[in-house]
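Full structure from sequences and hints, please.
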Amino acid sequence: MRVLITIIIAFVLQSCMSPDKKRVFEAESSNGLVKLHFNLSDEGEPYYLVMRDNKTVIDTSFLGFEFKNTAAFDKNFIIKNTETKTFNETWQMPWGEQLDVENNYRELKVMLQEKVSPERFLNIVFRVYDDGVGFRYEFPEQARLKEVEITEEHTQFNLTQDYKTFWIPGDWDIYEHLYSTTKLSEIDALKYVDHVNLAQTYIPENAVNTPVTMVGDDGIHLSFHEAALVDYSGMTLKVDTEKLCLESHLVGSQNTDYKVKRSLPFHTPWRAIQMTDNAPDLITSNLIVNLNDPNKIGDVSWFKPMKYTGVWWEMHLGKSSWDYGMEMVDGQWLDTGKAHGKHGATTENVKNFIDFSAKHNIKGVLVEGWNTGWERWIGFEDREGVFDFVTTYPDYDFDEVINYGKEKGVDIIMHHESSAATETYTKQQDTAFALMQHYGIHSVKTGYVGKILPKGEYHHGQYMVNHYNTTVEKAAKYEVAINAHEPIKATGLRRTYPNTISREGLRGQEFNAWAQDGGNPPEHLPIVAFTRMLAGPIDFTPGIFNIKFDEYKKENQVNTTLAQQLALYVVIYSPIQMAADLVEHYEANPEPLQFIKDVGVDWEMTKVLNGEVGDYVTIARKERLTGNWFLGSITDENARELEVDFDFLDANQTYIATIYKDGNNAHWNDNPLALEIETITINKSSKLTLILAEGGGCAISLIKN
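Per the numbering used here, the sequence shown starts with residue 1136, numbered consecutively.
Warning: the hint list may mix true and false statements.
Cross-link-like lysine-lysine pairs, in silico, DSS-like; alpha carbons within 30 angstroms at most [unchecked claim]: (1) K1498 with K1454; (2) K1326 with K1688; (3) K1454 with K1477; (4) K1683 with K1454; (5) K1562 with K1612; (6) K1541 with K1609; (7) K1732 with K1688; (8) K1688 with K1473; (9) K1586 with K1396; (10) K1473 with K1562; (11) K1326 with K1373; (12) K1190 with K1742; (13) K1299 with K1326; (14) K1742 with K1299; (15) K1431 with K1609; (16) K1609 with K1586; (17) K1215 with K1203; (18) K1299 with K1373; (19) K1396 with K1281; (20) K1494 with K1839; (21) K1590 with K1373; (22) K1170 with K1250; (23) K1299 with K1170; (24) K1609 with K1396; (25) K1609 with K1498; (26) K1396 with K1562; (27) K1486 with K1473; (28) K1281 with K1220; (29) K1454 with K1473; (30) K1839 with K1439; (31) K1373 with K1318; (32) K1170 with K1318; (33) K1742 with K1431; (34) K1439 with K1562; (35) K1203 with K1378; (36) K1170 with K1378; (37) K1732 with K1683.
Note that these hints are calculated values from the structure, not bench results. Remember, it's a predicted structure, so these values are computed and weren't measured experimentally.
Rendered as structure tokens:
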């Protein structure tokens, strides 16, 4: 791994500085475009502001904390010392959207002390990048403060214009909301309380979850998020619609009268603001991963990025079930102890997926519903002890399936649905991961559907943040990679723990199969690419060919064209990508299936060629090892013509380009399967006009000639 590091440190001593001197403390990015100012008010309140291109983007914004049973950290501070540092390194992703990552920032560390008793200490560290700012609080070891119980963190982002904002509500329990697009001043998260389509939800304030992305009248693009979320509560952002100000609002618990409890010394997660001139640069920004610590678990070559199929979509369609023996008796679902014949995770069915995957360059098969407990997992108040993560149903032979997969060169991906019964899952993890290690299984999809047990905890509070992160650390010891569903948000920890391979954390493909509100609209993914995807990899499960699925659910469908389903393999990034549809639907469509066979999952380089938040985006990615390129372009409900310049291709190299595009009269609802396939030769000087239908897309494989 190639790492280049340059560090320059300067120390500025401001011991007992008088607040009336009003010295401004500054840090600016390497290109001078982004500047941060820090100071104290006359009352000793810490505040900062951020300028970009000599315009104030974040105006005077105050910082502080409230504690249980002790005075707040919000005023009466003096600046004891400051440190500045310049840092520049290049590190490599073991897997990811690119190979080499530049981490170049200027740092300002401010050391504060209360000028009144008990004279406690607090440090604030700012890092200024060319594409934004990150900052965090440090609670250093000190004699007069040993432990804090934080009731609220008051981190402000005071905005200077009424931005067009792409947001989901600040739900403490779930991220599976559709995005709203409004002015900042028009955000009303409380109207989504008790949403009918969500398994669990709690929205206590007019707040938004992060990442939340904004576009200004002057073209500036902002996205607010957090990085390195460890042993802390998830942060939502409370919205003051009159003052145009965001302020941190931590997720709490019904079981405590505080939101975070920590012993000193410790530091908070980073509060991150991405700033760019355009939408594409938001996607290529590495601010979030760069704010995380380097790899702590060492070699992860045992994890191989892959495409996979699996026993999953058929259960959302109703073709099969997760459980083995549930029947409707007198209007209630009951476990009769007898097989009903619809169980999906049978030895025979899984072997069918293995055969298909082996034939089509797909290296994994996910199996859901293989283990006992599905008869009592949802709708029951007491779910502790329900699932067994090592015991199979009678019609699923673990040894036979594993051995068959090995013969065919196909790995099995494990599934652990905890039903949010965290104590049961925690107790069984060592045994479950040891079983995976025994069979050479390196990936698991975890799930947390339902209200968290113990009662009173929320999915995004400190308790669950610790549970998710501890699970990742424990899994690493068994060479297991985690793909978490119903997760805590991605905050770049994949750099520190690269066995954190993907996660859900958004309204996924399954909503198209069973949501009562018509599924995900065509604008959903052109918003996701510039919001949720900025946080990290997404297990979205693309590749649905049978768009209407009338034979299963006439009232539901996928609201894209077939061409867009192909393009998603490039646009929505994950090191694991599911070919989510049924085997029979792929076998009936061998020509578009070829793109899924060819497309990569692990990239050397990523280029975002064009895009506007919520409207469209075109992304090209260069595959590691082969050097082949793949392009995906998607649009919302509006048809578009997009010019693409292939100047990113290697010089003196021609490529056979296979273009999968919307056919004549293609339309996400009226004619979603209209697809044309064209093969041409392309090089670095080539240009193309992509014609995207309403809700459509285009996928191109560029194979070296």
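Hints the structure fails to honour: No hint contradicted; all consistent.
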